[in-house]
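Peer 1: The lines below spell out each chain.
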Amino acid sequence: NAGVMQNPRHLVRRRGQEARLRCSPMKGHSHVYWYRQLPEEGLKFMVYLQKENIIDESGMPKERFSAEFPKEGPSILRIQQVVRGDSAAYFCASSPQGGFRYEQYFGPGTRLTVT
Amino acid sequence: GENVEQHPSTLSVQEGDSAVIKCTYSDSASNYFPWYKQELGKGPQLIIDIRSNVGEKKDQRIAVTLNKTAKHFSLHITETQPEDSAVYFCAAPSQGGSEKLVFGKGTKLTVNP
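Top line first, the protein sequences correspond to chains A and B.
Quick note, the first sequence lines up with residues 1 to 115 if you use the working numbering.
Quick note, the second sequence lines up with residues 1001 to 1113 if you use the working numbering.
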């Protein structure tokens, strides 16, 4: 049973470019969460999605950041016009449909570096 | 909203000793408390969790205790091994209709051989 998959694992972008981070949840999981981790910090919630729906985006910056989880395919976290402060590790987690949704399983993360 | 405090931020023990990491939370309605282990360059791994209807849960060398009255919970690792070296995070659910977790800032555990 494959775990949560994220790609790319490492992403380097110049200031002003766009970053697209992908997450495929565990098999049987239909709830996806994105968290951001700054160096030496804990994880901060960004957004919670179900298929074709954004449930809670209270942790997302108001500008430049967006997320989707289409009917088919992975969830995408998109950062437009990246700035140096966007450099961080971005983790996706998933939880099972019909299960206990706080029981979240994390992927290996995408480490974004903005130069 | 929920606020989670975690102590200590760093912990160094000798192999074979026990390690204890403590967390406090603010929302008395919280009912689920997971612990994650994060090794360098990897994602957080759920290692144990406890729900509010029990006071203690054990899984081999790790255990978690919960004191709902005092609003704190602790991770206990016995007979530590070098491979236990990692950053450990506690978390609690944020109430108010969302299933997001609020994390502590982490404890860097070093087990010295």
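It is worth saying that the hints were derived from the structure and are not from the lab.
Keep in mind that a hint or two might mislead.
The list that follows gives simulated cross-link-like pairs (lysine-lysine, PhoX-like), each with its CA atoms no further than 25 Å apart [to be verified]:
#	chain 1	residue 1	chain 2	residue 2
1	B	Lys1042	A	Lys62
2	B	Lys1042	A	Lys27
3	A	Lys27	B	Lys1108
4	B	Lys1058	B	Lys1071
5	B	Lys1058	A	Lys62
6	A	Lys71	B	Lys1105
7	B	Lys1108	B	Lys1042
8	B	Lys1022	A	Lys62
9	A	Lys62	A	Lys27
Peer 1: Decide, hint by hint, whether the structure agrees.
Peer 2: Hints versus structure:
1. B:Lys1042 x A:Lys62: Roughly 28 Å separates the two Cα atoms, so the pair is violated.
2. B:Lys1042 x A:Lys27: holds (20 Å)
3. A:Lys27 x B:Lys1108: violated (31 Å)
4. B:Lys1058 x B:Lys1071: holds (19 Å)
5. B:Lys1058 x A:Lys62: Given that 25 Å is the threshold and the Cα spacing comes to 42 Å, the pair is violated.
6. A:Lys71 x B:Lys1105: violated (34 Å)
7. B:Lys1108 x B:Lys1042: holds (14 Å)
8. B:Lys1022 x A:Lys62: violated (34 Å)
9. A:Lys62 x A:Lys27: Not OK: Lys62 (chain A) and Lys27 (chain A) at ~31 Å, beyond 25 Å, violated.
This entry does not satisfy hints 1, 3, 5, 6, 8 and 9, going by the numbered hints stated previously.
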